[in-house]
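Chains A and B, in that order, are what the protein sequence lines are.
Each step along the first sequence adds one to the number in this note's numbering, with nothing skipped, and position 71 is 71.
Each step along the second sequence adds one to the number in this note's numbering, with nothing skipped, and position 316 is 316.
These aren't lab readings, by the way, just hints derived from the structure by calculation.
Be a bit skeptical, because a hint or two may be false.
What the hints assert, rightly or not - Label-pair distances were calculated between CB atoms; the ranges are: (1) A:Val33 with B:Glu424: 34 to 44 Å; (2) B:Leu435 with A:Arg99: 24 to 34 Å; (3) B:Asp191 with A:Gln112: 23 to 33 Å; (4) A:Asn12 with B:Glu78: 43 to 53 Å.
Said to hold, decoys possible - Sample of chain A residues lacking proximity to chain B, with all beta carbon distances greater than 12 Å (derived): (5) Lys93; (6) Ser98; (7) Arg108; (8) Leu120.
Unchecked claim - Each computed DSS-like pair below joins lysine-lysine, with the alpha-carbon atoms no more than 25 Å apart: (9) A:Lys7 with B:Lys160; (10) B:Lys290 with A:Lys7; (11) B:Lys160 with B:Lys10; (12) B:Lys422 with B:Lys10; (13) B:Lys2 with B:Lys160; (14) B:Lys160 with B:Lys88.
In this text, all values refer to a predicted model and were calculated from it rather than measured experimentally.
Ideal Cβ placement from N, Cα and C applies to all residues, glycine included.
These are the residues of each chain, in order.
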Amino acid sequence: MRETFTKGMARNIYYGGSVFFFLVFIGLTVDTVQTLPKTDNRENLTEEVVAGKRLWEHNNCIGCHTLLGEGAYFAPELGNVYTRFGESTEAIKGFIKSRPVDGIPGRRSMPQFNFTDQELEEIAQFLKYADGIKVARDWPPNIQG
Amino acid sequence: MKYESQSIAKLYFIAAIGLFVGQILFGVILGLQYVIGDFLFPEIPFNVARMVHTNLLIVWLLFGFMGAAYFLVPEESERELYAPWLAKLMFWIFLVAGALTILGYLLVPYATLAEITMNDLLPTMGREFLEQPTITKIGIVVVLLAFIFNIGMTILTGRKTVITLVLLTGLVGLAVFFLFSFYNPHNLVLDKYFWWFVVHLWVEGVWELIMASLLAYVLIKVTGVDREVIEKWLYIIIAMALISGIIGTGHHFFWIGAPDYWQWLGSVFSALEPIPFFMMTLFAFNVVNKRRRDHPNKAATLWALGTAVMAFLGAGVWGFLHTLAPVNFYTHGTQITAAHGHMAFYGAYVMVVLTIISYSMPIMRGREAANARAQVVEMWSFWLMTVSMVFITLFLTGAGILQVYLQRYSEDPMSFMATQEKVEIFYWMREGAGLIFLIGLILYIISFFVKGEDVKMLGSSVSIEETS
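In isolation and in its complexed conformation, chain A is listed as follows:
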C-alpha cells in the first residue's frame, strides 16, 4: 500500500468504523425489540406453547428440521407445518405419534419420542404459534416449505 496511507489511518478506520457500526447495531436492536410485538405472535405465547418450546429443545428437533429456515436440512421445514397439515394440530400429533420405533428400512424417519397426550398437544401448539409469526413476504415461498 502507498506511503500516503499510513498505519495510523488504518488504525483509526478500524476503531472508528467498528465503534460506529456497533453503536448503530445496538440502536437497530433496540428498535427491533420494540417493533417485534407487531409480528412475533406474542399474544398467543401461552403456557402450553412455552412447554412445547421446551420439548422442542429437549428433543433436539432442530438437529434434523428447520424452523423458519434455521436448523438442519435433513427433514422438512416446520415453521409452516401447521398450514401444510391443513391447520390441524390433530394431524401434527397423529404424525408424531405414528413414527415406527425402528425407523423405515432404507429411508429417513423421525424417531418415536413416546410423548404423552399432553406433550403432543404442547408441541403441536408450539408449532401452531410458530406458524402464526408474521414473517416478511410470508416466507417460505410456498406451502412445501
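Given chain A, work out where chain B should sit, using these hints.
Quick look at chain B alone, frame taken from chain A:
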C-alpha cells in the same frame, strides 16, 4: 522456540487434531445418512451425529485458537506465559468437559441428557450449535475467562504488538458474545434474534479478527516482510470485517419476523462482507511475493495462501451467492446454506488453525521446519482436503439449486421429501468427496511421523530476523 511456555500449544494442537478426526468421521456418517436414511438408526440418529459433527468442530477450533495464542503470544510479548500451570490445567478441564459432553450426546437420548444436567434450572439446550448442556456452557465460560486472563496478562505486561492486541480483542469478543448463549427467551423471534449474537458475531465478526491476526503472524515469520506493512494490512482487513459484518448480521433477520428494514441493511452490508476476505487474499499473495527470506517451511506458506483463497471463496463468494434478500427468499435453509457453511468454515477457520500448526509444530519439536518428505506428504494432504472440500461444496450447491427449483421455484412445487430423492445423486457424490477428505486427513496425521533429513534455511537465518 524462544520461550519455554510456548510448548503448551503442542498439547492444544494434538487435542485439536484428534477432535478434528472425530468431526470428519461423523461427517462421513451424516453424508451416508443423507442417502441411506436408516443408517445407524435408531442408535445414532441424524440429529445426534450432526450435533457431534458441529460441536466437535467448534471445540477443536477453540483448542486451535487457544493453542495458537499460547504459541504466539509469549514470542510477540517477549516474555514467558503469565501462568503456564493455568494453561495446562484449563487444557485438561476443557478436554474432559468436551469429551463428557460428546459422550453424553452419544450414550443417552438428548432429552435424558437435558434432564440429568438439570436444563430446566437455566434452559439453554436444544438450539442449533448451542446444544451443550448448561453446565458445559458454564465450563466453557470458565475456561475462556482463565485463558483470556492468562493471555491478557502476558500481553499487557510484555511487548504489545498490533497482532497480539487484535488477537486479544477477538478473543475477548468471542467470550463476551458467547454469553448470549445463556439467553433463551420463550419468544421464538427474540430467541432467534439473539442466538445470532453468538453465531454470526462469532464467525462473521470476532473470529475474523482472530483469523487475520494468526495469518499476519505466520506471514511475518515465513516471509520476513516488515512488520509495519503487515500491521497496516491487518488493521484495514479487520476494519472492513467489522464495518461490513456487524450490520451484516441483518442477513439472518430476513425471515424470522424482524422488521422489514433488515432486508435492505442485511443485503447491502453483507454484500460487503467478501471485501475483507478478498483483501486477505491480496495481502497473503502480496507479502509472499515480497518475501525477504525463503523459509524452509514451504507447507506453512502453502496453508497460509490456501486459507486466504479458500476463505474468500467459501465465506466471500459462496456467502454472497445467497445473501441478497430476493435470492435468499428462495435459498434460505436449503443445501445452498450447507454448501456455504462447509467451505467457509474449512477455508477460514480450519485452514488458519492448520496454518499455525504447520508453522509451529516443527519448532516445538526442535527444528525450523519438518523434513522435505514430511512436507511433501503434508502438501498432499493440503491438496486432497482442499480439493475435496471444493467438490463437497460444488455437489451441495448442485443439490441446493435443484432443491430450490423443485421445491420452491417451479410452478408445481414438490414436497421436501420427494425433492430429497430427486437430488440423491449429488448426495452420493458429496459422500465420495467426503471420503477423499478423510484420506487427506489421514495423510495429514501421517505427515507428522514421516522421517527424513532436516531442512535448513538457505544462507544465514539470523541476518534477516525481523527488524522491528
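*Is A:Ser98 truly not at the interface, in the sense that its beta carbon sits beyond 12 Å from all beta carbons of chain B?*
At roughly 15 Å from the nearest Cβ of chain B, A:Ser98 sits farther out than 12 Å, so the non-interface label holds.
*Is the hinted pair B:Lys290 and A:Lys7 satisfied, with a Cα-Cα distance of at most 25 Å?*
holds (19 Å)
*In terms of Cβ atoms, is chain B entirely out of 12 Å range of A:Arg108?*
Incorrect as stated: the minimum Cβ-Cβ distance to chain B is 3 Å, not above 12 Å.
*Straight-line Cα separation of B:Lys160 and B:Lys10 no greater than 25 Å?*
Given that 25 Å is the threshold and the Cα spacing comes to 24 Å, the pair holds.
*B:Asp191 versus A:Gln112 beta-carbon gap, inside 23 to 33 Å or not*: holds (27 Å)
_Does the beta carbon distance between A:Val33 and B:Glu424 stay inside 34 to 44 Å, or does it fall outside?_
holds (43 Å)
*Can the restraint linking A:Lys7 and B:Lys160 be considered satisfied, given a maximum Cα separation of 25 Å?*
Answer holds: A:Lys7 to B:Lys160 is near 16 Å, not above 25 Å.
*asked:* Would the hint linking B:Lys422 and B:Lys10 be met if the CA-CA limit is 25 Å?
replied: Measuring from Cα to Cα gives roughly 46 Å; hence the hint is violated.
*asked:* Would the hint linking B:Lys2 and B:Lys160 be met if the CA-CA limit is 25 Å?
replied: holds (17 Å)
*Hey, does A:Leu120 actually stay past 12 Å from chain B on C-beta?*
Per Cβ check, A:Leu120 is outside 12 Å of chain B; nearest 14 Å; holds.
*Is B:Lys160 close enough to B:Lys88, meaning Cα to Cα at most 25 Å?*
Distance ~24 Å between B:Lys160 and B:Lys88 Cα, so the pair holds.
*asked:* The output says A:Lys93 does not contact chain B. Does that hold with a beta carbon cutoff of 12 Å?
replied: Given a closest Cβ separation of 18 Å, the condition holds.
Hint violations for this structure: numbers 4, 7, 12, all remaining hints satisfied.
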